[in-house]
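> Chain by chain, the residues:
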Amino acid sequence: MTPDQTAGKAAASDQVAPDPPATAPATVTTKAGTRHAWQLSSRSLAVAGVALLIAVVGLFPLVFTNPTVTNIGVITLIFVAVASAWNTFSGFSGYLSLGHAVFYGTGAYFLAVAARDWNLNGAAVFWLLPLAGVVTAVVAVPVGLVALRVRRQTFVVVTIAYFFIAQLSASNLTVTGGSSGLLLPVPNWAPETFNNPFYYVAMILAAGTVALSVLIRRSVFGLQLRAIRDDEDRAAGLGVRAMPVKLSALVLSAFITGMAGALWVYFIGQAVPQFVFDPLFDLAVVLMAFFGGLGTVAGPVLGALILEPTQFYLNLQYTNNYESEILFGALFLVVILFLPRGVLPTAGEWVTSGRIRRLRDGWLTRRARRTANRPAPPATGNLS
Amino acid sequence: MASEISQAIAAGILGGGVYALMAAGLTLIFGVLDIINVAQGIFVVLGAYLSYVLSVHLHLDLLLGLLITVPAMFVIGVVIYWLFIRPLRGAERTSMTLLACFAVALIIEGVLYREFGSNYVSLNAWYTTGSVHLFDFYLADIYLIGFGLAVVAMAALYLILYRTKFGRAVRATMQNQVAARLIGIDVTRVSAVTFGIGTAVTAIGGMVYGAISGGFTPNSGYDLISRLLAIVILAGLGSIGGALVAAIFMTTAEALVDVWQPSWAVVVFYLAIVIILTFRPAGLFGHRAVRAQ
Numbered sequence: 001m002t003p004d005q006t007a008g009k010a011a012a013s014d015q016v017a018p019d020p021p022a023t024a025p026a027t028v029t030t031k032a033g034t035r036h037a038w039q040l041s042s043r044s045l046a047v048a049g050v051a052l053l054i055a056v057v058g059l060f061p062l063v064f065t066n067p068t069v070t071n072i073g074v075i076t077l078i079f080v081a082v083a084s085a086w087n088t089f090s091g092f093s094g095y096l097s098l099g100h101a102v103f104y105g106t107g108a109y110f111l112a113v114a115a116r117d118w119n120l121n122g123a124a125v126f127w128l129l130p131l132a133g134v135v136t137a138v139v140a141v142p143v144g145l146v147a148l149r150v151r152r153q154t155f156v157v158v159t160i161a162y163f164f165i166a167q168l169s170a171s172n173l174t175v176t177g178g179s180s181g182l183l184l185p186v187p188n189w190a191p192e193t194f195n196n197p198f199y200y201v202a203m204i205l206a207a208g209t210v211a212l213s214v215l216i217r218r219s220v221f222g223l224q225l226r227a228i229r230d231d232e233d234r235a236a237g238l239g240v241r242a243m244p245v246k247l248s249a250l251v252l253s254a255f256i257t258g259m260a261g262a263l264w265v266y267f268i269g270q271a272v273p274q275f276v277f278d279p280l281f282d283l284a285v286v287l288m289a290f291f292g293g294l295g296t297v298a299g300p301v302l303g304a305l306i307l308e309p310t311q312f313y314l315n316l317q318y319t320n321n322y323e324s325e326i327l328f329g330a331l332f333l334v335v336i337l338f339l340p341r342g343v344l345p346t347a348g349e350w351v352t353s354g355r356i357r358r359l360r361d362g363w364l365t366r367r368a369r370r371t372a373n374r375p376a377p378p379a380t381g382n383l384s
Numbered sequence: 001m002a003s004e005i006s007q008a009i010a011a012g013i014l015g016g017g018v019y020a021l022m023a024a025g026l027t028l029i030f031g032v033l034d035i036i037n038v039a040q041g042i043f044v045v046l047g048a049y050l051s052y053v054l055s056v057h058l059h060l061d062l063l064l065g066l067l068i069t070v071p072a073m074f075v076i077g078v079v080i081y082w083l084f085i086r087p088l089r090g091a092e093r094t095s096m097t098l099l100a101c102f103a104v105a106l107i108i109e110g111v112l113y114r115e116f117g118s119n120y121v122s123l124n125a126w127y128t129t130g131s132v133h134l135f136d137f138y139l140a141d142i143y144l145i146g147f148g149l150a151v152v153a154m155a156a157l158y159l160i161l162y163r164t165k166f167g168r169a170v171r172a173t174m175q176n177q178v179a180a181r182l183i184g185i186d187v188t189r190v191s192a193v194t195f196g197i198g199t200a201v202t203a204i205g206g207m208v209y210g211a212i213s214g215g216f217t218p219n220s221g222y223d224l225i226s227r228l229l230a231i232v233i234l235a236g237l238g239s240i241g242g243a244l245v246a247a248i249f250m251t252t253a254e255a256l257v258d259v260w261q262p263s264w265a266v267v268v269f270y271l272a273i274v275i276i277l278t279f280r281p282a283g284l285f286g287h288r289a290v291r292a293q
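Sequence order for the protein chains is X and Z.
Residues 1 to 384 (my numbering) are what the first sequence spells out, left to right.
Residues 1 to 293 (my numbering) are what the second sequence spells out, left to right.
If we strip away everything but chain X, and leave its shape as in the complex, we get:
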């Protein structure tokens, strides 16, 4: 740019400048005002939305008393917890785990063995859930110490290997009852409301997990995780101690997944290796998080709320396992190819790009009006 042009530009902006001050302060204040009000209302809207959601979820089994429906409700809430827990590690850190079934199964088998050995029954078994979580978290420490040493692509494969080790161990060890599995005590609750205790425990677990997810996302810890996701070397260079951060996230995620697995196994009443360690479980959880939006708080919740009932419906619709398998795979492909960042972020992008387009169009029309009113200086034409 030559000095002449710079001068021209300065002159041009000088010429343009008198126009905005007349209107700018007013628009700025109104803009700031509306934005402020909008923020307030969005926050109160969010609070109201969450309260409404809790009320709806809480009242759900009292309105829909059909055991088939509440059954779906229980499993869906368990998956809300698992998908959120998976997301707090994998979604935030970028290390995709295809081995969360290991943690799910560890919690499940712990509960099955503990309930049998300690002769627990009824609601007392629920008190074992935190313990199951702790045991799973302890198991996750050595698992993470080895698996998190490798690069991201290899990590996925190592988690798959863990999955197969766990599955084989469960079918070969005597403590897990081998391939015939373990039976759990059946509480003697009334059949019509049998699912309700499970439902409310699952609801507490899901709500707690989502709350934890929100807290982590807003904390320094969550920021460190996302820094690792974006560029691990740079994060390490900026002082993030990557290994402890990744490991804590994995252990925390395993803790919740273990509790969810324990609750699930008590609900379905038996622990059999091929159901406790199911490769489709891992895929289902990953798909839920991807579908809703990887790394967001609401995404996995939305994914679980939509996909788990859908899967039940498909299983009811198609008694053949392979048809739901094909559909599941196809759905996964569609999500990956067309909504790679999930429903929520993609929708958010549409909204944002729409807003940007409107702003730009408005600015263009305003500029067009302005340039129409007065002959444009040649330099502005070059610069625009």
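Rather than coming from a laboratory, the hints here were simulated on the basis of the structure.
Virtual Cβ for every residue (Gly too), placed ideally from N, Cα, C.
Certain hints may be false.
[Unchecked claim] Computed footprint of chain Z on chain X; a stretch qualifies when at least three of its residues, placed anywhere within it, have a C-beta under 8 Å from a C-beta of chain Z:
#1 141 to 154
#2 163 to 177
[Unchecked claim] Quick look at which bits of chain Z chain X covers, simulated, 3 or more residues with Cβ under 8 Å:
#3 32 to 38
#4 80 to 90
#5 99 to 111
[To be verified] If you want the ones that stay clear, here's a sample from chain Z, every Cβ over 10 Å from chain X, calculated:
#6 L60
#7 D61
#8 R163
#9 A253
Once you have looked at the hints, place chain Z on chain X.
Just chain Z now, kept in the frame of chain X:
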């Protein structure tokens, strides 16, 4: 006991050849495309079922059938690459393609269940039951044939990679994709053909696997892919020669444990991964960080 052990070692080495071939396809795909093709296991099963269809319905000899199944698997590989892998771009590409491969595997598994059911089938020919007595060993014919096929295919792979212009393009793409693009290599075409070659070897692997495993179902894909992944991780992702060594090492170790504890034999595979990665995160023959993340 001693004869059992030497027998196990012989079977392990011969069986390892076939796993080496399948793992070579997997590691080649990773080296060029940065994709962990978790569908490789189900591709092998698909190849086995293709051989099964040809031999049962068309009464075609298994070895002759390879002339059809190998090109067929090549085409399937290229089509899958073109439809589902090529469109994926961006920072999370490796993870996304892995999930896409998993989804493809699920669909193929579902289709196979639909077509063939969940009953065990096995591949039979006049050479699948006999065995030869060599020195002190009884070696099943099919193990020898499988090993021979694997050697031929690996040699062909080697010639393609190191003696042709296309192979040079593949190796250039492995080393640096951007630079390869800059010197005029059509990286997309190289990737598609590589994916096809990596898939085509599963036709051979599937034929041999179907004959030596004593029966397979669509579900066998999980067992296969976990072994193959163990082999390539042990070898270090992207190392073809390493895959050969690791495959023979693993199958021999498994065959040895099988002598004492049959139900735990497979665990050897996964324990090996955990132990190796604890001490050498890049695998036995891998380089640290082949490509920056």
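> Compare the structure with each hint and give your call.
Cross-check of the supplied hints:
For the region 141 to 154 of chain X, the assignment as covered by chain Z holds, since 8 residues bring a beta-carbon within under 8 Å of that chain's beta-carbons and 3 suffice. With a threshold of 8 Å between beta carbons, the proposed coverage of the region 163 to 177 of chain X by chain Z holds, since 5 of its residues qualify and at least three are required. Coverage of the region 32 to 38 of chain Z by chain X holds in this model, with 3 residues showing a Cβ closer than 8 Å to a Cβ of that chain against a need of three. Check result for the region 80 to 90 of chain Z against chain X: holds, 4 residues qualifying (beta carbon to beta carbon below 8 Å, three or more required).
A count of 11 residues in the region 99 to 111 of chain Z with a Cβ less than 8 Å from any Cβ of chain X is obtained; the coverage claim is therefore met, three being the minimum. A cut-off of 10 Å between C-beta atoms confirms that L60 (chain Z) is not in contact with chain X; the least separation is 27 Å. No beta-carbon of chain X is positioned within 10 Å of the beta-carbon of D61 (chain Z); the least distance is around 30 Å. For R163 (chain Z), the condition that its CB be more than 10 Å from all CB atoms of chain X holds, with the nearest at approximately 30 Å.
Every beta carbon of chain X lies more than 10 Å from that of A253 (chain Z), the smallest distance being close to 15 Å; the non-interface claim holds.
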